[in-house]
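**Student:** Residues per chain, in single letters:
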Amino acid sequence: MMLQIFTLAEFFAMKGRGDYIWSSYAIALVVLCAMVLWPWVQHRNFRNTIKKQNSRTTQ
Amino acid sequence: MAVIDTIKNFVHAQGSLRNLYVFSGRLLPWFFVVGVALIIGACFYGLVFAPTHKDQGESYRIIYVHVPAASLSMMIYIGMAVMAAVWQIWHIKTAEIIMISCVPVGAAMTLLAFVTGFIWGLPTWGDYISLLWRDPRMVSVLILLFLYLAILGLHGAIEDRRNAADASSILILAGVVLIPFIKWSVYFFNSLHQGQTNLFYKSDTVPSIAVPLVLSILGFCFYSAAAIILRIRLLILRRDRNAQWVKEFVK
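Those protein sequence lines, which keep their order, are chains A and B.
Counting in this note's numbering, the first sequence runs from 1 upward without gaps.
Counting in this note's numbering, the second sequence runs from 1 upward without gaps.
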């Protein structure tokens, strides 16, 4: 295993291919986060709605 | 016989929505943590330590998100088709819930594979027209994305849950024909896309490029499973919101 970079600037530039590489990784990050966050938020909101309904019926 | 009985009992237990909700809730944190750790580790290894490719230079590093997403787009579809067949044969409602929960995750993976493939193609092939319309792999992946969206639309458009599941499962089963076509399109047609790379048995890929790729594919598998589980749990809560167990569970 050998380190392929020497400076941070070189690492981000990726020998002129940085735009393509980093844009791919940024899109991947957005898609992966949305895949989990969207249903998680909906699940949490739905649980809260059921909780509120439950407390109303018990009152 | 004891093993078969255990499997039978497990399958019957998972047939109940309550048990599926509880069991999937136990799996979720493990799948999520393992998936995130593997993806971060593999991408870090691939970006920092993997050597420069002899033909493509640095742009090949997109492989660590493109190949896992493309593999998952097809794997999820196959899993979905198995669940569609189970629904058609036995009408098990958990199969229908798993099938529908897979659709948005599969669509997201297909979109990611298509977009990253397009971006990777720009410096490698250098021609927008070829990228979109002349490459059979790109076109077939785009058709798979439309198929996922069509399944999602069809399921949402029909009000009766049983009819919606029937119609979408038939569409899913009909669409299975696309999977081998995507897989072998590079051999059937004159394609810009490279053929299949054997990671383990040939000297096509040096180990330090292949190892993070395998880890990344594994990470994407766990992460997608976590995303599917989240959708399964959401769908179960929506379906069973008036059930007593949900009220007790949510307290």
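Simulated from the structure, these hints should not be mistaken for lab results.
Small disclaimer: the values here were computed from a predicted structure and weren't measured.
Treat the hints with care, as some may be off.
[Said to hold, decoys possible] Per the computed footprint, the stretches of chain B lying under chain A, defined by three or more beta-carbons under 8 Å from a beta-carbon of chain A, are: (1) 86-94; (2) 110-122; (3) 151-162; (4) 215-229; (5) 238-250.
[Stated by the list, open to error] Computed, partial: chain A to chain B, Cβ under 10 Å: (6) T7; (7) A9; (8) G18; (9) D19; (10) S23; (11) L29; (12) A34; (13) Q42; (14) F46; (15) Q53.
Every residue, glycine too, gets a C-beta built ideally from N, C-alpha and C.
**Student:** Any hints from earlier that this structure breaks? Give me their numbers in increasing order, please.
**Tutor:** 1, 3, 6, 7
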